[in-house]
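There are 2 protein chains.
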Amino acid sequence: MPKFLDTTQPDFEQAFAELLSAKREDSPDVDDVVAGIIADVRARGDAAVIELTERFDRMTLTPETLAIPAAEVDAAIAEVSTEESEALDLAVKRIRAYHERQMPADDSWTDESGATLGWRWSAVSAAGLYVPGGLASYPSSVLMNAIPAKVAGVDRLAIAVPTPDGQINPLVLLAARLSGVDEIYRIGGAQAIAALAYGTESIAPVDKITGPGNAFVAAAKRRVFGKVGIDMIAGPSEILVIADKDNDPDWIALDLLSQAEHDESAQSILITDDAAFGRAVGAAVEQRLTSLQRRAIAGPSWRDFGAVITARDLDEAASLSNRIAPEHLELCVADPDALSQKTVHAGAIFLGQFTPEAIGDYVGGPNHVLPTARSARFSSGLSVMDFLKRTTLSKMTPEALRAIGPAAERLAQSESLEAHGLSVKVRLDALNR
Amino acid sequence: MPKFLDTTQPDFEQAFAELLSAKREDSPDVDDVVAGIIADVRARGDAAVIELTERFDRMTLTPETLAIPAAEVDAAIAEVSTEESEALDLAVKRIRAYHERQMPADDSWTDESGATLGWRWSAVSAAGLYVPGGLASYPSSVLMNAIPAKVAGVDRLAIAVPTPDGQINPLVLLAARLSGVDEIYRIGGAQAIAALAYGTESIAPVDKITGPGNAFVAAAKRRVFGKVGIDMIAGPSEILVIADKDNDPDWIALDLLSQAEHDESAQSILITDDAAFGRAVGAAVEQRLTSLQRRAIAGPSWRDFGAVITARDLDEAASLSNRIAPEHLELCVADPDALSQKTVHAGAIFLGQFTPEAIGDYVGGPNHVLPTARSARFSSGLSVMDFLKRTTLSKMTPEALRAIGPAAERLAQSESLEAHGLSVKVRLDALNR
Numbered sequence: 194m195p196k197f198l199d200t201t202q203p204d205f206e207q208a209f210a211e212l213l214s215a216k217r218e219d220s221p222d223v224d225d226v227v228a229g230i231i232a233d234v235r236a237r238g239d240a241a242v243i244e245l246t247e248r249f250d251r252m253t254l255t256p257e258t259l260a261i262p263a264a265e266v267d268a269a270i271a272e273v274s275t276e277e278s279e280a281l282d283l284a285v286k287r288i289r290a291y292h293e294r295q296m297p298a299d300d301s302w303t304d305e306s307g308a309t310l311g312w313r314w315s316a317v318s319a320a321g322l323y324v325p326g327g328l329a330s331y332p333s334s335v336l337m338n339a340i341p342a343k344v345a346g347v348d349r350l351a352i353a354v355p356t357p358d359g360q361i362n363p364l365v366l367l368a369a370r371l372s373g374v375d376e377i378y379r380i381g382g383a384q385a386i387a388a389l390a391y392g393t394e395s396i397a398p399v400d401k402i403t404g405p406g407n408a409f410v411a412a413a414k415r416r417v418f419g420k421v422g423i424d425m426i427a428g429p430s431e432i433l434v435i436a437d438k439d440n441d442p443d444w445i446a447l448d449l450l451s452q453a454e455h456d457e458s459a460q461s462i463l464i465t466d467d468a469a470f471g472r473a474v475g476a477a478v479e480q481r482l483t484s485l486q487r488r489a490i491a492g493p494s495w496r497d498f499g500a501v502i503t504a505r506d507l508d509e510a511a512s513l514s515n516r517i518a519p520e521h522l523e524l525c526v527a528d529p530d531a532l533s534q535k536t537v538h539a540g541a542i543f544l545g546q547f548t549p550e551a552i553g554d555y556v557g558g559p560n561h562v563l564p565t566a567r568s569a570r571f572s573s574g575l576s577v578m579d580f581l582k583r584t585t586l587s588k589m590t591p592e593a594l595r596a597i598g599p600a601a602e603r604l605a606q607s608e609s610l611e612a613h614g615l616s617v618k619v620r621l622d623a624l625n626r
Numbered sequence: 194m195p196k197f198l199d200t201t202q203p204d205f206e207q208a209f210a211e212l213l214s215a216k217r218e219d220s221p222d223v224d225d226v227v228a229g230i231i232a233d234v235r236a237r238g239d240a241a242v243i244e245l246t247e248r249f250d251r252m253t254l255t256p257e258t259l260a261i262p263a264a265e266v267d268a269a270i271a272e273v274s275t276e277e278s279e280a281l282d283l284a285v286k287r288i289r290a291y292h293e294r295q296m297p298a299d300d301s302w303t304d305e306s307g308a309t310l311g312w313r314w315s316a317v318s319a320a321g322l323y324v325p326g327g328l329a330s331y332p333s334s335v336l337m338n339a340i341p342a343k344v345a346g347v348d349r350l351a352i353a354v355p356t357p358d359g360q361i362n363p364l365v366l367l368a369a370r371l372s373g374v375d376e377i378y379r380i381g382g383a384q385a386i387a388a389l390a391y392g393t394e395s396i397a398p399v400d401k402i403t404g405p406g407n408a409f410v411a412a413a414k415r416r417v418f419g420k421v422g423i424d425m426i427a428g429p430s431e432i433l434v435i436a437d438k439d440n441d442p443d444w445i446a447l448d449l450l451s452q453a454e455h456d457e458s459a460q461s462i463l464i465t466d467d468a469a470f471g472r473a474v475g476a477a478v479e480q481r482l483t484s485l486q487r488r489a490i491a492g493p494s495w496r497d498f499g500a501v502i503t504a505r506d507l508d509e510a511a512s513l514s515n516r517i518a519p520e521h522l523e524l525c526v527a528d529p530d531a532l533s534q535k536t537v538h539a540g541a542i543f544l545g546q547f548t549p550e551a552i553g554d555y556v557g558g559p560n561h562v563l564p565t566a567r568s569a570r571f572s573s574g575l576s577v578m579d580f581l582k583r584t585t586l587s588k589m590t591p592e593a594l595r596a597i598g599p600a601a602e603r604l605a606q607s608e609s610l611e612a613h614g615l616s617v618k619v620r621l622d623a624l625n626r
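Each protein sequence line maps, in turn, to chains A and B. Residue numbers for the first sequence follow the working numbering, beginning at 194 and rising by one. Residue numbers for the second sequence follow the working numbering, beginning at 194 and rising by one.
For reference, chain A alone in the conformation it holds in the complex:
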């Protein structure tokens, strides 16, 4: 049974704290196995990747067939239906348009001392995107990772997607093609992450690796972090819906279930200011769970981690939302814009009852890779910024150095860093000669 909480009850704080701290995921400790795989790939390159792919994916590859050639991509793409192709086209167009607006500007200015200061953004040269394997791999995930990279200006974008027993989702290949991916390798697991980070004879190393994966992939990403950049390590998905009574309980039930169907560890929470509405949504969820295709996943998620919270009013709902810091936040209330001003910690906000979260998963435009496990308190979803870095720029004139150099000299002395101070002093001395 999901939890039904009420903020007016004396045990609410304790129950809410338990909800916040519930451990939803058992991470198997695969770190030693992964360390061995990475060392093997670093030592033996292609040969190690090929052996591991044979063992885990039952695929016999050669250095020449690690990459999927364009003709094979073409053939797979030809299988995609027009409806699916058009839907992907719309998604690409909207995601690209949104991310193009994210591009930050360079800046440069001269201040009153005469110093010219600024910064310049530049793209990561090469990025790798991991895509989980088999027929269940998600084309939307390819778009959400690859489009920001290409919008940022990444020159070389490689995908690693395992193809166990040769199975590959043609939509994944089409999504890669539409988003401008340059190389596609049919490899997976820790061996794919190691190959992307360190390179092999046939796979050039990248500078940044993003994309979701299983425990082996996550452990490998943690291990190669530092050698390359990585995105966040995502936990199970979450949604918080704040809804007043003027909603169709079935709509809200489906929104909750659209997270629950991802994963038995996913979490769906409703906060409402109307207890009867909360009960109606709970009943609608149970009704939908009798027939939903993925009820074997969504059912346990809802029963183990789901919750319906009745709050005194929407202000209290917003305050609880900030403590949850949800990955996805739906505001199904009369004035969602006003309420959203009060919900400051959230990965993505969906405003109003005609914005189901699923729109954001596919075609809304914003990224669907978002901070989980309360990390929206301090982090953001994937964006072009993940594929850019900023170089700061400073240029002193003799006058600027005269104006601010003595303070630098003084502080260097205070920190007992003599050479720092001298590097300023010799220049000032020359100017004053």
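FYI, nobody ran anything at the bench for these hints, they're computed from the structure. Given the structure is predicted, the values throughout are model-derived calculations rather than measurements. Careful, some of the hints might be misleading.
In silico DSS-like links for lysine-lysine, alpha-carbon gap of 27 angstroms or less [said to hold, decoys possible]:
{"id": "1", "chain 1": "B", "residue 1": "216", "chain 2": "A", "residue 2": "618"}
{"id": "2", "chain 1": "A", "residue 1": "343", "chain 2": "B", "residue 2": "535"}
{"id": "3", "chain 1": "B", "residue 1": "196", "chain 2": "A", "residue 2": "420"}
{"id": "4", "chain 1": "B", "residue 1": "343", "chain 2": "A", "residue 2": "535"}
{"id": "5", "chain 1": "A", "residue 1": "420", "chain 2": "B", "residue 2": "535"}
{"id": "6", "chain 1": "B", "residue 1": "420", "chain 2": "A", "residue 2": "535"}
{"id": "7", "chain 1": "B", "residue 1": "438", "chain 2": "A", "residue 2": "196"}
{"id": "8", "chain 1": "B", "residue 1": "216", "chain 2": "A", "residue 2": "420"}
{"id": "9", "chain 1": "B", "residue 1": "420", "chain 2": "A", "residue 2": "420"}
{"id": "10", "chain 1": "A", "residue 1": "286", "chain 2": "B", "residue 2": "438"}
{"id": "11", "chain 1": "B", "residue 1": "438", "chain 2": "A", "residue 2": "438"}
{"id": "12", "chain 1": "A", "residue 1": "618", "chain 2": "B", "residue 2": "438"}
{"id": "13", "chain 1": "A", "residue 1": "216", "chain 2": "B", "residue 2": "420"}
Incomplete in silico selection of chain B near chain A, CB under 10 angstroms [claimed, not checked]:
{"id": "14", "residue": "311"}
{"id": "15", "residue": "455"}
{"id": "16", "residue": "470"}
In this text, a Cβ means the ideal position worked out from N, Cα and C, and glycines have one as well.
Given the structure of chain A, go ahead and fit chain B onto it with the hints provided.
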């Protein structure tokens, strides 16, 4: 002896690759000790922090004296000389002005489908800043971490600074006061990181922890990552100077030594297009090393990790610089702006011979917390962005949902996520009734 390399020599590629991959730091494995300390602080709170502080810092504290009271800060600040105080004032003013320009803008727009999209930036609520302890703790490091946090709008900014045997640098307290720090705790090590991340009876938890520290602090930051956000784990400092022959060798020598004096593991590299100038700089470094206060640190750094590379021309120098991806890059050439267009992977660039790197450490304005160990290929220095997070916003009208909802439904079907599709379908059905 530092390495003298020449790009025209046949062994250059191998020597350069060795220079790039030289392991400069032995990280002691303190992870088990740190795990124990964190568990202890989580279990016993203040009592554990107080016991550990007694053991490591020889300080007897109580829950009431963990924080340094304002009166004690006032008394310490009164010891600071006018010259030092004025120098810090100038640094604060310039660093604040630079970081205020970094503040990103919110955005919101309505596209042709009728969907309103956008994003909103908001500050992390509470941040903790670690400051290494004793009289050697650096006030400039306080400014470089605290000012971006406060400019970003962090409401509650706490500092942890160990005070072994009661020693504290008054300039650190003044820097904290000038940058608007709200709380100062006299604790350090892994116990300080644990207290900031998980909270104790007397110390409220924060959402993000930044700042440098020793191996215990670094290991603790890695372990609490996920529970809170952290900044990068910095490695030893590095500088690359590209200089033509029209420079005073002694100026360049001091710039190289101003990194070398930080740490025996620091690395200073000169690339020049004039071999005789390179030798002159090498001689000037040796001359300065006969008298430099910190020659016992700078000497080993220069001899073990220093290098002078003679390149065919400045284009080749830029290309080598991009392979090094230095933390600090000085361009002491006739047209530094033109050359900087070609050096795209660097944490910070200092243009022209009147911009010694030390200016950027203190009073230039840009942040001095920068990516080390070649990570400028994929990451940036500290900025206001480290204390902000972005929430994406989407709002569909009925018309917008009609326009783009069917594509979302189609893609949800392709991914076998039925509830995702149904959450769109029930709304479209209602609109079409």
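Here's how the hints hold up against the structure:
1. B:216 to A:618: violated, 33 angstroms
2. A:343 to B:535: Distance of about 21 angstroms is within 27 angstroms: holds.
3. B:196 to A:420: holds, 24 angstroms
4. B:343 to A:535: holds, 21 angstroms
5. A:420 to B:535: holds, 23 angstroms
6. B:420 to A:535: holds, 23 angstroms
7. B:438 to A:196: This hinted pair is violated, its Cα atoms lying about 74 angstroms apart.
8. B:216 to A:420: holds, 13 angstroms
9. B:420 to A:420: holds, 23 angstroms
10. A:286 to B:438: Outside the cut-off at roughly 52 angstroms; violated.
11. B:438 to A:438: violated, 77 angstroms
12. A:618 to B:438: holds, 21 angstroms
13. A:216 to B:420: holds, 13 angstroms
14. 311: holds, 9 angstroms
15. 455: Given a least distance of 8 angstroms, the restraint on residue 455 of chain B holds.
16. 470: Because about 17 angstroms separates residue 470 of chain B from the closest Cβ in chain A, which is outside the 10 angstroms limit, the hint is violated.
Of the hints listed earlier, those the structure fails to meet are numbers 1, 7, 10, 11 and 16, in rising order.
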